[in-house]
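Peer 1: With chain A fixed as given, assemble chain B onto it according to the hints.
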Amino acid sequence: MKKSLRRAVVLAAAAAGLALVPAGAAHADSGQTYTATLNALNGSGGSGMLKLNLSGDQATVTENWSGLAATFDGGAFPHVQHIHIDGKGQCPTSAADKNGDGVVNTIEGQPSYGTIGATLSTKGSTSAKAATNIKIAPGGSSTSYHRTITLDSKTADAVRNGNAVIVVHGLDPSTLSKKAQAEKSPLVPSLPLAATSPALCGSLTSMPAGAPQTGAGSTAGVEHRGMFALGGGLVTMAGAVLLIRRHGLTSTRTDR
Amino acid sequence: MTDRKPTIDGVRARRGRWLTLLALTGLVVGIAIIITAAATQRHAAQPAPGAWGTVASRTPTTPLPGPATSTMPSPAGTAKPAGKADPSNGPSTPAKTSSPADPASSTGTSHKPDKQAATSSDDSHHPTALPSSEPIKIDIPAITVDSTVFGIGKDSHGGLQVPQPGPHLNDVAWYDGSPTPGQTGPAVLEGHVDTIHGPSVFLRLGALSPGDKIKIGRADGTTAVFTVNAVRDYKSHSSFPSDLVYGGDLSSPTLRIITCSNFDQGIGHYVGNTIVFAHLTAVHH
Numbered sequence: 000m001k002k003s004l005r006r007a008v009v010l011a012a013a014a015a016g017l018a019l020v021p022a023g024a025a026h027a028d029s030g031q032t033y034t035a036t037l038n039a040l041n042g043s044g045g046s047g048m049l050k051l052n053l054s055g056d057q058a059t060v061t062e063n064w065s066g067l068a069a070t071f072d073g074g075a076f077p078h079v080q081h082i083h084i085d086g087k088g089q090c091p092t093s094a095a096d097k098n099g100d101g102v103v104n105t106i107e108g109q110p111s112y113g114t115i116g117a118t119l120s121t122k123g124s125t126s127a128k129a130a131t132n133i134k135i136a137p138g139g140s141s142t143s144y145h146r147t148i149t150l151d152s153k154t155a156d157a158v159r160n161g162n163a164v165i166v167v168h169g170l171d172p173s174t175l176s177k178k179a180q181a182e183k184s185p186l187v188p189s190l191p192l193a194a195t196s197p198a199l200c201g202s203l204t205s206m207p208a209g210a211p212q213t214g215a216g217s218t219a220g221v222e223h224r225g226m227f228a229l230g231g232g233l234v235t236m237a238g239a240v241l242l243i244r245r246h247g248l249t250s251t252r253t254d255r
Numbered sequence: 000m001t002d003r004k005p006t007i008d009g010v011r012a013r014r015g016r017w018l019t020l021l022a023l024t025g026l027v028v029g030i031a032i033i034i035t036a037a038a039t040q041r042h043a044a045q046p047a048p049g050a051w052g053t054v055a056s057r058t059p060t061t062p063l064p065g066p067a068t069s070t071m072p073s074p075a076g077t078a079k080p081a082g083k084a085d086p087s088n089g090p091s092t093p094a095k096t097s098s099p100a101d102p103a104s105s106t107g108t109s110h111k112p113d114k115q116a117a118t119s120s121d122d123s124h125h126p127t128a129l130p131s132s133e134p135i136k137i138d139i140p141a142i143t144v145d146s147t148v149f150g151i152g153k154d155s156h157g158g159l160q161v162p163q164p165g166p167h168l169n170d171v172a173w174y175d176g177s178p179t180p181g182q183t184g185p186a187v188l189e190g191h192v193d194t195i196h197g198p199s200v201f202l203r204l205g206a207l208s209p210g211d212k213i214k215i216g217r218a219d220g221t222t223a224v225f226t227v228n229a230v231r232d233y234k235s236h237s238s239f240p241s242d243l244v245y246g247g248d249l250s251s252p253t254l255r256i257i258t259c260s261n262f263d264q265g266i267g268h269y270v271g272n273t274i275v276f277a278h279l280t281a282v283h284h
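The listed protein sequences correspond, in order, to chains A and B. Using numbering that gives the first Met the number 0, read the first sequence as starting at 0 and increasing by one per residue. Using numbering that gives the first Met the number 0, read the second sequence as starting at 0 and increasing by one per residue.
Among these hints, one or two may not hold up.
As the list claims (entries may be wrong) - Keeping only pairs whose Cα atoms sit at most 25 Å apart, straight-line, the calculated DMTMM-like set for lysine to aspartate or glutamate is:
1) B:153 / A:85
2) A:178 / A:72
3) A:87 / B:154
4) B:136 / B:154
5) B:214 / B:133
6) A:87 / A:156
7) A:87 / A:56
8) B:212 / B:175
9) B:214 / B:145
10) B:153 / A:156
11) A:87 / B:133
12) A:122 / A:182
13) A:97 / A:182
14) A:87 / B:175
Simulated from the structure, these hints should not be mistaken for laboratory data.
This is chain A alone, in the form it adopts within the complex (with noise of 0.2 Å):
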């Protein structure tokens, strides 16, 4: 008894001492994560995910989005995206469509995000300079993109800050206004309107650290403490009903 006893502690030992080594060491030089939830602007439908990894000026983005538009002139839609910056680090709300014609273009949206920092290109260039080539944009109705990408230092430190978004462009023209179908993008003036607006949009925050305080203590570990009351109550009860009909019958037969 003893022996296994002693047996069980070094076993827990032992594997306290594998718990703790390798967590300890996932806190050294892994960077900081942040995440963004990228909803749903000017009625497009689509919903997505961005995690992003910084360490140093390496940023790992892992990101999916879908239900954007599909198709553009035959082909994939593309959806240039990008990590806005120095703005308020906000997403901007429909008040910010300031000629009225029910879409937030790029240029009415920038008082919120900002200007660009970064490009999400599926390849090549990632600057600022690239935010429109929408070759190497990921195209279609929805993506899984996965890429490691240098971040200048204003673009490291603004995500660093909480003062970058993401920002995901490219609407279907036929879900906007007659008056939006009309305009031309005020980006590309080559492109319609819908091709440059935002679509998605998720400000970056940094993954909560460390594990959630959710317990106090006074229930001391026992998650069932209720069950225990009520079993033990009713085996109390039943011991205690048992003793007195024994004595009962006792003191009857004593009578008779």
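Peer 2: Same frame as chain A, but now just chain B:
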């Protein structure tokens, strides 16, 4: 008058037999309840054997071959416990998503082949992701949780806030930096296991098992129904799998529910977390 005495005796004897029977039944039921509570208690308080494998298999600094694989508990590193199903062992049926290591995206979590087949056919038509709409209500019939849900953010140290004393202390909180439940990606909920006043909303969270349903009412009137894939216990706060909880599989609508576990009598605090992983299986309009 004379034939009354035996009648009283008879009534007494009959009543006595009933009392004995009742007492014996009470005894048996009482013991059964204690045994059941103790069994589920162990489930809640002890780490799933997979938690060790989970922690041991973290290889944090290796270059990321795929975003979702290296930073997450790998099913390969998990020791298989004898007899009991380990939720972190991953699906034995082909995973429907790109990230089999995410317990919430694996489909075959049951250890019974027949149940597993049923689960797989349930999952053959995943509902598509919902647009953003904040959660307002949660209903978990298996552990009789019926609570309102409110949004919560981070504290000044960058950690996730927890429900504070006041009207929301025993409510369920949704991390407002995570997707809304039903949206693409992992929605994160948390609640207290207890407070200084006694048991709280997730006292019995660890008693959930794969297949149990979690219904979340959203502000837009829809109800997102999630099915539990795995219930895991992370023994220490340092083993809390942040990447898996807040990141993990971004490609489909999943859910994580967090509470505290593993009470340390020595320091008077909970030192671990129980986390329930679930994925969207139905949407009611």
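Peer 1: Taking the hints in turn, state whether each one holds.
Peer 2: Quick rundown of the hints versus the structure:
1. B:153 / A:85: holds (22 Å)
2. A:178 / A:72: Distance ~20 Å between residue 178 (chain A) and residue 72 (chain A) Cα, so the pair holds.
3. A:87 / B:154: At roughly 20 Å apart (the allowed maximum being 25 Å), residue 154 (chain B) and residue 87 (chain A) satisfy the hint.
4. B:136 / B:154: holds (23 Å)
5. B:214 / B:133: Measuring from Cα to Cα gives roughly 14 Å; hence the hint holds.
6. A:87 / A:156: holds (14 Å)
7. A:87 / A:56: Holds: residue 87 (chain A) and residue 56 (chain A) sit about 22 Å apart, inside 25 Å.
8. B:212 / B:175: holds (23 Å)
9. B:214 / B:145: Judged against 25 Å, a Cα distance of about 10 Å means the pair holds.
10. B:153 / A:156: holds (20 Å)
11. A:87 / B:133: holds (23 Å)
12. A:122 / A:182: Since the Cα atoms of residue 122 (chain A) and residue 182 (chain A) sit roughly 30 Å apart, the hinted pair is violated (cutoff 25 Å).
13. A:97 / A:182: Satisfied, since the Cα-Cα distance of roughly 14 Å is no more than 25 Å.
14. A:87 / B:175: Between residue 87 (chain A) and residue 175 (chain B) the Cα gap is close to 18 Å, so the pair holds against 25 Å.
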